[in-house]
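K.L.:
Sequence:
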Amino acid sequence: ELNILKQLVERDENDIFLCGDAAQAVTTKYQAFKDIGLSIPGARSRNLRQNYRNSRDVLNAAYQVLYTNMTEEVTDREDFEILDPEYSTFTGSTPLLLSAPNLESEIANAFALVTEVIGAAPGKKGCIAICGFSQYELEMFSQQIGLPVLNGSTDIDSQDVFLSDLEQTKGFEFDIVCVLNCSSGVLPSSTAPESERHRDLARLYVSMTRATRDLVISWSISPSPFF
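By this note's numbering, the letter at position 125 of the sequence shown is numbered 122, and the numbering carries on one by one without gaps.
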């Protein structure tokens, strides 16, 4: 992909601009800039540390989950660096970690909480993200409960509350996010190889940082080892 990109422009000063967040790398892609002759020395790069989206409380929770679960497979990569964030100036509520007897209770509790938060301040947006289900399964479930599902073409101005998996939350932001089914064996997936656990960690981090002020994490039976 980067080779194709290089061929689209004449080689010149400032011919290619790249910007990314390694902590949000939710898809499996090999990346080594040097292999295609793309050199990025320190004088030509900048680290963006200031966070403007999340409250201090939300970002601190997400960062601690990310940082304490990083593996050598990720930290030893050539083009990977996790920066200590500069927190925003505003605060929100303390993120909640909740346990429920089953997923049905998690969903019911999340819907009640999101509805309460949204109802108290018209114009706010909420998202209920559920681990361990495919996009197709969530689409079928959404038809039963009447909540729209996030995808690449979703317009969040059309509704107030949305359903999603973890990955599809990327690119959006909500006043309140509830991440459900964060249970052992589900997150990380029990079927994924050990070397790919960091993908589920990245998806979790992405979904947690979609919340601007209110964040809820829940599980049933036993929590994910990420917590």
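Wrong hints could be hidden among the right ones.
Pair ranges (Cβ atoms, derived) [to be verified]:
no., residue 1, residue 2, range
1, 139, 40, 42 to 52 Å
2, 83, 140, 36 to 46 Å
3, 1, 90, 41 to 51 Å
4, 40, 133, 28 to 38 Å
5, 148, 102, 18 to 28 Å
6, 41, 141, 25 to 35 Å
7, 140, 39, 48 to 58 Å
8, 182, 39, 34 to 44 Å
Straight-line distance between alpha carbons at most 35 Å, and here's what the computed DSBU-like set of lysine-lysine pairs gives [claimed, not checked]:
no., residue 1, residue 2
9, 3, 31
10, 3, 167
11, 31, 167
12, 121, 167
Calculated from the structure, these hints are not laboratory results.
Every residue gets a Cβ at the ideal spot worked out from N, C-alpha and C, and that includes glycine.
K.L.:
Could you run down the list of hints and mark each one as holding or not?
P.N.:
Hints versus structure:
{"no.": "1", "hint": "139 with 40: 42 to 52 Å", "in the structure": "holds (49 Å)"}
{"no.": "2", "hint": "83 with 140: 36 to 46 Å", "in the structure": "holds (42 Å)"}
{"no.": "3", "hint": "1 with 90: 41 to 51 Å", "in the structure": "holds (45 Å)"}
{"no.": "4", "hint": "40 with 133: 28 to 38 Å", "in the structure": "violated (47 Å)"}
{"no.": "5", "hint": "148 with 102: 18 to 28 Å", "in the structure": "holds (27 Å)"}
{"no.": "6", "hint": "41 with 141: 25 to 35 Å", "in the structure": "violated (52 Å)"}
{"no.": "7", "hint": "140 with 39: 48 to 58 Å", "in the structure": "holds (52 Å)"}
{"no.": "8", "hint": "182 with 39: 34 to 44 Å", "in the structure": "holds (43 Å)"}
{"no.": "9", "hint": "3 with 31", "in the structure": "holds (13 Å)"}
{"no.": "10", "hint": "3 with 167", "in the structure": "holds (26 Å)"}
{"no.": "11", "hint": "31 with 167", "in the structure": "holds (28 Å)"}
{"no.": "12", "hint": "121 with 167", "in the structure": "holds (18 Å)"}
Hints 4 and 6 from the earlier list are contradicted by this structure; the remaining hints agree with it.
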